[in-house]
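S.K.: In case you want the letters, here they are:
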Amino acid sequence: MKLACSMLAVLALAVPVQADDITVGFAIAKSGWMEAYDTPAATAAKIRIDEINAAGGLLGNQIAVVDADTRTDRAESAKAGLDVLDQGAQMMVVSCDYDFGAPAALVAEGEGMNSFFLCAEDVKAGIQGVGPNSFSASVLAPVQGATMAEWAHAKRDARAAFVLEDTFIEYNKGICTGFEWMFPQLDGAEIVGRDTFKNDDASIASQITRIKSLEKAPDVIMLCSVMPGAAAAVRQIRAAGIDALILNGSAVDGSYWLDAVPDLSGFVLPVQGSIYGDDPRPEVEAFNKAYEAKTGARPTSQYAYPGYVLIDLWAKAVERAGTVDGASVTAELEKMQAEPTAFGPRSFSADLHHQNTALMQVIEITDGKPARVDEWQISQPVPLDVLMGK
Amino acid sequence: MSIQLLFDALALGGIYAIAALGIALIFGVMKLVNFAHGQFIACAVFALIIPSTDAVAVMGLGRLPALILIPAVLAVGALLALAAEALVFRPLRNASPVALMVGSFALGVALQNLLLVLYGGRPKAVSLWADLGAPIALGPAQVPLLQLIVIVAVGAILLALALMLKHTRIGLEMRAAAEDFGMARLLGVRANRVISGAFALSGALAAVVALVLVAQTGVADVRMGGQIMLVAFIATVVGGMGSLAGAVAAGLALGAASALLQAGLPPEARPFRDAFLYALVIFVLLFRPQGLFASAGAKPRV
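Note that the protein sequences, when read in sequence, are chains A and B.
Oh and the first sequence: position 228 is 228 in the numbering used here, straight run, nothing missing.
Oh and the second sequence: position 180 is 1180 in the numbering used here, straight run, nothing missing.
So here's chain B without its partners, still in its complex pose (with noise of 0.2 Å):
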């Protein structure tokens, strides 16, 4: 494999990967699966810009340098996750799995039609970060700024969610959320408070997905993150759910694959690489049916 490739597969899981995260977050805690992800992204995407129907759009946070920038975005995909948690979840915290998942759908709607209102449903250019496009020598491989920044980013934000899993008081609480939500707050962890954590760093996560499309392609649609978001739905299920280190491996691996079969595939089976991609998905989950990184929660008990 050359290293160009290299660089574009780590580039491409590296987003899958973080999103997935952002999914499987709220996954391990509340049994959710939170289908208006890719919303969440969506909005943090416009929270740059202006609203406005006009065709051109007026930068807004976007204009800010990025040292504000970059901690204002995340704040807004963290509050907004929060105040979706605090008005939609919270009030169906007892309902079914499936009342819930319907619930998020139904979020993820009325966001987007919220965005079209604000923005109308052309698509706007956000020119933020374009110096990042510009590719740099890597031994023979030419790689734009940015997929070094995301996988550097990605590698980071790992490493800081793993430290802070293992090490803080709100991580362990997760973690034994994660494992059995009814004995942790039989043990004394305070459901209010985990689950809006997960919500913060979920929506948080979301944001920095939102930040790297907009570098990378440079536009705000209102449809963006619904792609993403089903990538990452899928890596979670085929990580396992509620598996952290499960989503970020399968993020990491869907989108790897991707690029491979983008690269390997032969021209006239190219426009069918997603057909191939789930095909390999189908594939991992007839041998391994609770997904590669099964959680004690998961298992089934007599």
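Just chain A, same shape as in the assembly (with noise of 0.2 Å):
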């Protein structure tokens, strides 16, 4: 307990937080599993926090932040938020998931404060979930399934789709249920299949037969699933010899796990940037560039990338609203239409704190080799009631 004290005696003596400061409160996994997906897009977000603070700060005040650690635990959670809340923050960056973030973000709510998820791509993860003044800066699932599809029709001829869905979280239903909207609306479009498995099968085998029994190949499978599950499946569909175009949401992005299909060719996701030095937008590189320069690496995937749009249209809102007031803030975040970032244009409104369309770079596996090769905006916003599953 003395050894606790003292730690956090040191943890508060380290970042000082003047009286005028404002505080940016983040309560995000620091040890757990999920620890490797908010620490990069946390460290964006505090890119974007030194680069306010070294241009003049908000309103005039330099940009503090207190951090807690919710140990990816939902319990933990709703702790870490009341800990920054503590430690003054007037804003709650809360963590990636949903679920994870979900019980910061509530005592933030509860205070009337903003809260922003660093990468939640849920509907939940906003008005619908937590309440008025709480955002994502991602783009939701639904969205980056849809993508996939009217890209794949158009640029590649697809016409025949199969639908692999992984159960493990809402995330990858949200990636099939915004594919399966837009396919079947497209010119000769249809899907032939479905089938589900679950991330920690030990072997996807009876789908494969599934796949492999059907009367004409599909052109493309539409594999909804998040890592490690994504790789086992991906690694044995093409050991089953099937050769048609996989595509996934921005979830698998990195190159990490492609040791785990050797040579892999004719992978397909969409992404908000592309960490491999060759997004046609000047401004990302940059952001590629400052992430390396704090911490020795480039981004491991396009997840930093909203912790950095995050801060960088909060700021926005708080300069146009004169306050960091949570009602003030949220009234000027959903007059933002089409506001320009590095990512980006990005819009809020009164019924949606999220992106129901995005323009998305899309990247392609070839040879081992991920690289970016076109983009993409889908033709229609995806309405409401499908992100809500109605």
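Please keep in mind that the hints were generated in silico from the structure rather than gathered at the bench.
Among the hints, a few may not be true.
[As the list claims (entries may be wrong)] Some chain A residues close to chain B (C-beta under 10 Å, calculated; not the full set): (1) M34; (2) E35; (3) G193; (4) D200; (5) I204; (6) T209; (7) A233; (8) Q236; (9) A239; (10) D243; (11) G254; (12) D259; (13) A260; (14) A293; (15) A297.
Just so it is clear, CB atoms sit at the ideal spot from N, CA and C, and this is done for glycine as well.
Make one complex out of these two single chains by using the hints.
M.R.: What follows is the structure, given as structure tokens:
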């Protein structure tokens, strides 16, 4: 206990918070498995905070950062929320995932404060699940699925699709929902089969047997899954000799898993920006370099980017509102229509604190090498009732 | 049933059978349900790569040729289990079964967090024997080589274990200990030797499951092993606590049922495959609460 107290004291000393600073509280996973996802986005958020501070601060004040560890635990998440509140947070940044971020976000909501999920892509991580002052700066999972559907149809002549859904988390369901909404609307396109698996299934042999026994081999397989199950599924699909183009969501971005499927080709995913140094927008590469300068390594996936965007958008709204008061900032955020950011325009409305359409970069993996090949924005936003799974 | 389905079912059942055997062996000799078995599997997987929290994994043990790699990983599993026995379960040997079980849970959590500290929370790619996934035509079926290897290896392991249990001194002692541990000790069976032997075997079996999982999926994740541990535990219950043959049979049956349900259920019901699977388990237990092959030691005596 004594040790813990003295450690807390040291931490408190390390981040001196001035009385007139604006304080942003990070209630995020600094340990446990979620840490690998929260840390890059939080680092990106802090890069934007440093930039704002260097340019003179926000409303003339410096932005101070306080944080608390959720330990990848739902109960600890609420405690971490209270902890950053006690440390004077005026806006709260919470864990990437809805389940782990929501308990802290609800604490912020209870205080009438703004909360931002680091990279949640479930519509619940906002008005619908937390409350009127909660936002996410990432792109909704159904938008990613719909982007893949329309792009593959337009650019790769995909007409027959097989949908393989991993029932592990809501994100996967969102990807498949978006794909299944968009794909059948397209000219001549048809979903020829569906199956499900579980992320930790030891084998998906039965599912592969189903794909192989289709009368006509599908042009594309929409795989709605996340690591590690996604890599396992791709390895087994390719090993079985199925060569169809495989589509996935942004969650599998990064080259770290590619050793699992040697010489993988024909694997496509949408991202908010390319980490591979080939994004056509110079701001994206400038961020990648800034991230490398701060951490010693380039981002391992696109999930650092929403952290940068969220601080960018929130700070703009605070400047316009002239205050950090939750309701006033929310009103300014909701006025944003195609607000430019380094990673493309972002919009919020009184109904939706998420992106229901976005310009996405298309990454294709060929011979085990990922590269940006295209960009795509869906022709119509994903409607709210589809997002809500109705 | 198509041949394809038969192979899918046998391969999955084989993995579950080996995992269930690992749990049943330890339960047999010391009435301990080792909930850390899943983490033994995860540790054996992570032993293949060099500890680092970097996103890209660098192969360590995994770089060795299979002839050295397989015994090395089996040894890692066995040594880990032996160490767990010596450090955790031996001091608890006279504690109540509930305390033992809680101890095994604690060990599992500790091992998982050790992996998190050493390797970070992100899943890692482990490219081990990628060629084994290549399909081989067997009549109308396309069977991945790995499935054939799993089925043959499971058969060989079960045969070797059966021979060991029937014909060697340690095997005889284990069977005696599983029957009635107190009586076996009175008759001169050395408790430490039998229990250590069971742990070593169980750890090696966990390593077999680990190798199959890695070859199949190509990834290492700190949470892996948990699902297999759960199925394997259920298999030991369905098979009859303490019965080795029962655990193997039930493991095979659960894997086969899972593959058949996946193939046979209508699309709307497929996400609930495991609910159907466990409903079957409840159904079996309603008729045979003591399990399919209850051991003599599990029956209450007057």
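S.K.: Next, verify each hint and record whether it holds.
M.R.: Consistency of the hints with the structure:
Proximity of M34/A to chain B holds as hinted, the smallest CB-CB distance being about 7 Å (cut-off 10 Å). Because the beta carbon of E35/A sits about 5 Å from the nearest beta carbon in chain B, less than 10 Å, this interface hint is met. Below 10 Å, beta-carbon pairs count as interface contacts, and G193/A has one with chain B at about 9 Å; its hint therefore holds. A hinted interface residue such as D200/A counts as satisfied when its beta carbon comes closer than 10 Å to some beta carbon of chain B; here the least separation is about 4 Å, so the hint holds.
The restraint placing I204/A at the interface with chain B holds, with a minimum CB-CB distance near 9 Å, inside the 10 Å limit. Hint status for T209/A relative to chain B: holds, with the closest Cβ pair at about 5 Å, below 10 Å. Annotation: A233/A was flagged as interfacial toward chain B, and the flag holds, the nearest CB pair being 8 Å apart, inside 10 Å. Satisfaction of the interface hint for Q236/A is found here, the shortest Cβ-Cβ separation to chain B being roughly 7 Å, below the 10 Å cut-off.
The interface hint given for A239/A holds, since its Cβ lies 2 Å from the closest Cβ of chain B, which is under the 10 Å cut-off. Interface restraint check: D243/A against chain B, minimum CB-CB distance 13 Å, threshold 10 Å, status violated. Residue-level restraint check for G254/A holds (minimum Cβ-Cβ distance to chain B is 7 Å; threshold 10 Å). The beta carbon of D259/A is positioned within 10 Å of a beta carbon in chain B (closest approach about 4 Å), and the interface hint is therefore held.
Interface restraint check for A260/A: the shortest CB-CB distance to chain B comes to about 3 Å, inside 10 Å, so the restraint holds. The interface hint given for A293/A is broken, as the beta carbon of that residue sits about 18 Å from the closest beta carbon of chain B, more than 10 Å. Checking A297/A against chain B: minimum C-beta separation of about 8 Å stays under 10 Å; hint holds.
Going down the numbered hints, you'll see the structure goes against 10 and 14, while the others check out.
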